[in-house]
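Student: Listed below are the residues making up each chain.
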Amino acid sequence: MVTELADLTADMKAAIGQSGPTTTYEVTTLGIRTFARAVGYRNPIYFNEDEAKKKGHRALVAPPGYLGMPVFDPNRQEGGRRADFESPFKRNLNGGTEVEPLETVYAGDVLESVTTLAKLELTKGRLGQMLIRTSETVYTRQSDDKVVAKTRGTGISY
Amino acid sequence: MAQVYWDDVKEGQELPALDEEMSSQRLVVWAAASGDFYQIHYDDNFAKGNNLPDIIVHGALKGMLIGRLLDEWVGEEGRIVKWGVSYRGMDPARRNVKVWGKITKKYERGGEGLVDLDVGVAQPNGTQTTPGTATVMLPKKK
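So the protein sequences, as listed, match chains A and B.
First residue of the first sequence? That's 1440 in our numbering, and the numbers climb one at a time after it.
First residue of the second sequence? That's 350 in our numbering, and the numbers climb one at a time after it.
These aren't lab readings, by the way, just hints derived from the structure by calculation.
Small disclaimer: the values here were computed from a predicted structure and weren't measured.
Honestly, I wouldn't trust all of these hints.
Subject to a maximum C-alpha distance of 20 Å in a straight line, what follows is the list of computed DMTMM-like cross-link-like pairs (lysine to aspartate or glutamate) [said to hold, decoys possible]:
(1) B:LYS431 <-> A:GLU1575
(2) B:LYS454 <-> A:GLU1539
(3) A:LYS1493 <-> B:GLU426
(4) A:LYS1589 <-> B:ASP465
(5) B:LYS451 <-> B:ASP356
(6) A:LYS1492 <-> B:GLU421
(7) A:LYS1492 <-> B:GLU425
Produce the complete structure using the sequences and hints provided.
Tutor: Dropping the structure here:
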């Protein structure tokens, strides 16, 4: 049983508004096709570069919500994607996701994401006291500095 | 699918729903696509060891199924402005889910034709596990 908190700790309050390190995402043809296959798309612009170009696109198109994969390096210490703090709540659930697509993303794009802790709140639910963490992530394309998407995630710790 | 126009839709209208099989194979493809390799999504023994009845569908996959529903509905001339979902319940794998949307508001802003929707993912028995909302832009007839 987690000891209940009367209020957010000083570290928690200080973390609100803080941003984590920049994470680099690669958008590849393989990644796009795998994503499109898993989600069940049949639109050829997500599978066939020639078909995408016939529709006026410069490369294979990423379906909405696909923002590539973080560059994986087993020899690098994981930096984490968010500002963090000590928490007595050790179990985590994914509470929800919002996606705001702003620009078409293409194979070959390299995106940089920065996640900011927007809100923290303590609530009570059927799992006992819970910490609700709302994070906002902005994805920027390296080649033209355009913000291509914003996402908002809700994490539940209990 | 033929292009849908803002002029032709009305509040209360339902989108053509998706009936999607959530096979174990599909969850493995999603794991590769998303980088979410948590074993509750593909390892029977691990899932049962965590008091789950079966491997379960990734929440993010359900969220992206709603993205597909919207993407296919708005067509080449429309666009998704935003969508969001809450993961309120687990969906065991190896059964179908229904991905649905319903128009709640039709309006114009900045000359564009916009539509707000309720969206969600439901189990075969009707249980809603992934409710959400969305806003899309639909083209107007010339």
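Student: If a hint holds in the structure, say so; if it doesn't, say that too.
Tutor: For each hint, the structure was consulted:
no. : hint                   : in the structure
1   : B:LYS431 <-> A:GLU1575 : holds, 14 Å
2   : B:LYS454 <-> A:GLU1539 : holds, 19 Å
3   : A:LYS1493 <-> B:GLU426 : holds, 15 Å
4   : A:LYS1589 <-> B:ASP465 : holds, 19 Å
5   : B:LYS451 <-> B:ASP356  : holds, 16 Å
6   : A:LYS1492 <-> B:GLU421 : holds, 19 Å
7   : A:LYS1492 <-> B:GLU425 : holds, 14 Å
Violated hints: none; the structure is consistent with every hint.
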